[in-house]
Structures are given as structure tokens and as C-alpha cells.
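S.K.: The lines below spell out each chain.
There are 2 protein chains.
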Amino acid sequence: VQLLPLQTGILEQGCDLGSVIGDAVKKVNIHLTESDILIVSSKVVSLSEGRVFPLANLSPSKEAKRLAVKLKDRSPEFCEAVLRETRHRNGRLLGTCKGAALTEVNGILIANAGLDCSNAPPGCAIGWPEDPPHSAERLRKALEQELYRVRIRCRVRTKPQPEPVVAVLIIDSCCTPRRRGLTAVALACSGLNPFLDERGDLDLFGKKLHYTTDAVADCLASAASMLMGNGAQGIPAVLVRDHGLQLSDFTGWVEEVPLEEDLFRDILK
Amino acid sequence: VQLLPLQTGILEQGCDLGSVIGDAVKKVNIHLTESDILIVSSKVVSLSEGRVFPLANLSPSKEAKRLAVKLKDRSPEFCEAVLRETRHRNGRLLGTCKGAALTEVNGILIANAGLDCSNAPPGCAIGWPEDPPHSAERLRKALEQELYRVRIRCRVRTKPQPEPVVAVLIIDSCCTPRRRGLTAVALACSGLNPFLDERGDLDLFGKKLHYTTDAVADCLASAASMLMGNGAQGIPAVLVRDHGLQLSDFTGWVEEVPLEEDLFRDILK
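Sequences listed follow chains Z and L, in order. Numbering-wise (this note's numbering), the first sequence opens with residue 6 and increments by one. Numbering-wise (this note's numbering), the second sequence opens with residue 6 and increments by one.
Just chain Z, with the same shape it has in the complex (with noise of 0.2 angstroms):
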């Protein structure tokens, strides 16, 4: 497998992201090519979407002061943004600790609703897209345009397919119980399933697996998430190649594991 991290350094709020990915491909001197898989942070995202809030305009209510005494360094106006887009997303407030809430939405167990200021516009907090599986499968769609401009350009094809020829995850940065530091998590793909069931499948003693299912959306998240960086890197999107994956017509949330299925289950309510 190959990674190849794509810099684009600051992008602006509503900024076509599909040509900034394109002009950061041929930065590297590659071209998409069949079977590509583009991950790519929630953070540009949304700010390609304008999913930015100005936290000065919030007024906040008193459980957003109380949620800011508890977090102990953010502002009541963050903690404000915290419990509207929690409710926005018909989610929970679970639990505090230093600088983050944690939040139930959209099943996915995450800091601040997804909230972040980091790599913000100053002032502002970032969210997730408000529709990740459509923004995966728009995005998608732009870059298959581009590699059809490509070949087209080079007379090998003039028709775009109905299947899938790239594949697109939406991803965010995210804790796990009880590890240090940040690994993460697919909110949604575009081009690929999220899962690799190996149930039934023989393991190299012909004995019957009974449980494996591979988390390859997550796996890929990771990965990425490792040459993205949470700093000034400016890479926002990483290229996987050689990966020997199908893809698939698939697009949407990387959804959740049944209750009675979770290892976590007597613990989480």
C-alpha cells in the first residue's frame, strides 16, 4: 500500500474542493488513477461547505457557562456551539474531561460534538459537514470528472462510468478509552465499503471465523490521520494506492455496531 499525502496549505471558506485536491495531485506529479481512495479531513470539508461558526455571535445559555466551568479553559461561547450542534444532530453530552466535552452524535463517540478551533478561521469553531455521506459522493463525482478530464485529454475514454472508479472517506480525528493521543474515525465513504467481513471465512488452520469483521474505513482513517497531522502540516488529504480493495457503489455514514454486538455495551449505556 501507498500513502501519499496531498499539502494544500490554507484553504478558503467556500473554496471548490475538488480542484484544490486536483491541483494537489499534479503538485505531487501524479494522477488519479482507477481505484484511488482519497481521505480526507471533515475540517476542509466543511470549510469548502462553510460549515464555520464565528463563536462571537453566540450568546450563551447557562448550561453552555456551566459546561465551560466544567471543560476549565473554554469559552462559554465554544461550549454554547457544543450543545447546539449536539442537539442539532439529535446527539448526547455523555461526559467531560479537560478541554472536551464528549458527545454522542450520529452514533460516533466524539470530543465537542466535532467541534474544533484548531486550523479555524480565528474566532471560529469548525464542525463536521452537515451531510458527510453526500459531501463524500459529491467530491467523489469531482474527482472523477478530473480523472475523465484526464483522459479525455489523452483520448483513452470519453464516457463516465455509472460505477465507481475513486472512492472518497470523510474522516475526523478522534480519542479512544483509556490511550493517549489522537487516532481516527470515518464519518462517511463515498466508492467504498467501510467493512471487511471475514465471517465464514477460514483462518489458516480451516477453523470458521466466527466474529471478524475488519474495520477497513477506520483502519484507512488512522493511517491517513498519521500524515495529516493536527498541526500546521497543511495536508488535509492523503492518497491510498496499491491497496487491493474493491470498490464498491456504497456511499454513506459508517454506521454503528448493533448494541448487543458491542464490546463496550455493559459499560456504555
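Since the hints were derived computationally from the structure, they do not count as laboratory data. Among the hints, a few may not be true.
Same chains, same names: a pair is fine if it fits in one copy or spans any two.
Subject to a maximum C-alpha distance of 27 angstroms in a straight line, what follows is the list of computed DSS-like cross-link-like pairs (lysine-lysine) [what the hints assert, rightly or not]:
#1 Lys70 - Lys212
#2 Lys77 - Lys212
#3 Lys103 - Lys75
#4 Lys70 - Lys213
#5 Lys77 - Lys67
#6 Lys75 - Lys212
#7 Lys75 - Lys213
#8 Lys31 - Lys146
#9 Lys67 - Lys103
#10 Lys77 - Lys213
#11 Lys103 - Lys77
#12 Lys212 - Lys103
#13 Lys213 - Lys103
Since the structure is predicted, the reported quantities are computational estimates derived from the model, not experimental observations.
Assemble the complex: chain Z is given as a structure, and chain L must be docked to it using the hints.
M.R.: Just chain L now, with coordinates in the frame of chain Z:
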């Protein structure tokens, strides 16, 4: 970044893992190189160290029988092994779901105290290595010897250096709350700092980062686990190249987060 899967097929109990990995590297027509990171599954490390538990020998306690009823399709003998391993590591049993007990061992939340029957010899379970940091260090030194043997043949350099020239990570597959499917966790490393601390660094807008530590080892673990799979792939190790990470003289468990900084502390005591 390049991730190169290393195929070994079925390994013998008590095999010399350094040689096995060395041979697998040659099979793909490459040489070990300075700064290579080898990611290896805890299962083959344990197999090479003979940490394999024949289940038929165990006589299940009442507690094991009760646990077997809760897990539904696990034998009382397997449950006995899980309880013994949990005690052996001064761990705790935290909950159950179908097929698995949630345990905390060495500060890591893991199914069945790290025991697993898939890809284990028939009738046996395999656990974690007795001392993962020690195993990682030993394997690192074996690989460095291998690298120097090649160098001596090529007359490049004759003396091993005191600093690590390759790194080794020992990983296991794991579950995440609310998420479907397996990712992976790094148990121990030798030759690499498991964390990249970005606190105090600036973001793209010059804002100081307050919370950002990247869990590099866990990200590498998940990236590699995607290539290893959990079935009959026979790929227990992955070589990572062109990663841009600096090796370090760290050898140890990948330590847990302090409780007060754990986003999940309120729901997980």
C-alpha cells in the same frame, strides 16, 4: 509512506521469529533498511515464544462456567483461560457481549484479556507475549543483526550502533466503543516513540495547540492490521517505509492516558 505486507504462512511454536521475518522480507525482494518500522502481530510473537494454552487441560471454575453462559458460544475452558490471564496480568473483567468479555489488562481495554483461538493451533488459545516490550526489543535487535549481516557482506559497515536503526511494534486487533469491526492497538514498541506531541506547536493560523498528541503507534497498528486481516492471509507483519518518523531509544508498553485527561473518564471507571 509505503506499507509492505510480509507473508509467512503458518509458523511453528518456538520458531525463531527474527529469521522468519528476515526470510519473509527477502521473499518480496527487498532488504531491511535503516529506519524501517516492523509491525508484527502479538499472536506470532506469542507463538514463537510458546505462549499457547491448550484448553482441554484446564478445569473450569464456577466463575468460568458462569462467564461461558454469558458469552453464549465460548467454552468454559476458554473462559477459564480468560479469567486466569486477567488475574495473571492484574487486570479486571468489565463486561460481556456475545462471544467476548471486555477486560482491562495493562491499562488496555481488550476482548478476552487478549486471548484468541483464531489462527491458534487446534484446541488452543494464544495470549499476548509475557513481556511485550522485551519481545519487541529482542526482535528489533535480531533484525538489526540481520541488517548488519547484509552490510558486512556488502562491506558497508561492520559495527552495530548503540542507537536503534529499525523499530518494532507489537500490535493486537481491538474493538472501539460503538464502532463496528476491528482496528488495532499497539501494545509495545522498541525503537520508536509511540506518541508525537504537537502541544505548543502552532496551527495554520498561528494558534497554539493545547491538546494535540498524535497516537502514532496506534495509527501504525491500524494501518498495518488492514493488510494483515484476521483470517488465513498469513500476513503477521508489515514493514513501514518512507514514514518520516524519527526512531528513538524508547522501549516499553504504549502507556495509557492519565485518567483526568481521558475523554471517556465519566463513563468508564
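S.K.: Next, verify each hint and record whether it holds.
M.R.: Here's how the hints hold up against the structure:
With identical chains, the CA atoms of Lys70 and Lys212 are at most 27 angstroms apart between copies only, with a shortest distance of 24 angstroms across copies and 56 angstroms within one. Taking identical chains as interchangeable, the C-alpha atoms of Lys77 and Lys212 lie at most 27 angstroms apart only when they sit on different chains, with a minimum of 19 angstroms there against 52 angstroms within one chain. In the homo-oligomer, the alpha carbons of Lys103 and Lys75 lie at most 27 angstroms apart inside one protomer (7 angstroms), although the nearest pairing across protomers, at 36 angstroms, exceeds that limit. When the C-alpha separation of Lys70 and Lys213 is checked against a cutoff of 27 angstroms, the pair qualifies only between copies, where the shortest distance is 23 angstroms, while the shortest distance within a copy is 54 angstroms.
In this assembly of identical chains, the alpha carbons of Lys77 and Lys67 lie at most 27 angstroms apart only when taken from the same copy (15 angstroms versus 47 angstroms across copies). Taking identical chains as interchangeable, the C-alpha atoms of Lys75 and Lys212 lie at most 27 angstroms apart only when they sit on different chains, with a minimum of 23 angstroms there against 50 angstroms within one chain. For the identical chains of this complex, Lys75 and Lys213 are inter-copy neighbours only, at 21 angstroms across copies versus 49 angstroms inside a copy, given an alpha-carbon limit of 27 angstroms. In this homomeric assembly, Lys31 and Lys146 come within 27 angstroms of each other (Cα to Cα) only inside a single copy, at 18 angstroms, whereas the closest approach across copies is 41 angstroms.
Only within a single protomer do Lys67 and Lys103 lie at most 27 angstroms apart by alpha-carbon distance; the minimum there is 19 angstroms, versus 42 angstroms between protomers. In the homo-oligomer, the alpha carbons of Lys77 and Lys213 lie at most 27 angstroms apart only across protomers (17 angstroms), although the nearest pairing inside one protomer, at 50 angstroms, exceeds that limit. For the homomeric pair Lys103 and Lys77, the shortest alpha-carbon distance inside one copy (6 angstroms) is at most 27 angstroms, but the shortest distance between copies (39 angstroms) is not. Proximity of Lys212 and Lys103 under a CA criterion of 27 angstroms is satisfied inter-copy only: 19 angstroms between copies versus 46 angstroms inside one chain copy.
Taking CA atoms no more than 27 angstroms apart as the test, Lys213 paired with Lys103 passes between copies only; the shortest distance there is 17 angstroms, against 45 angstroms inside one copy.
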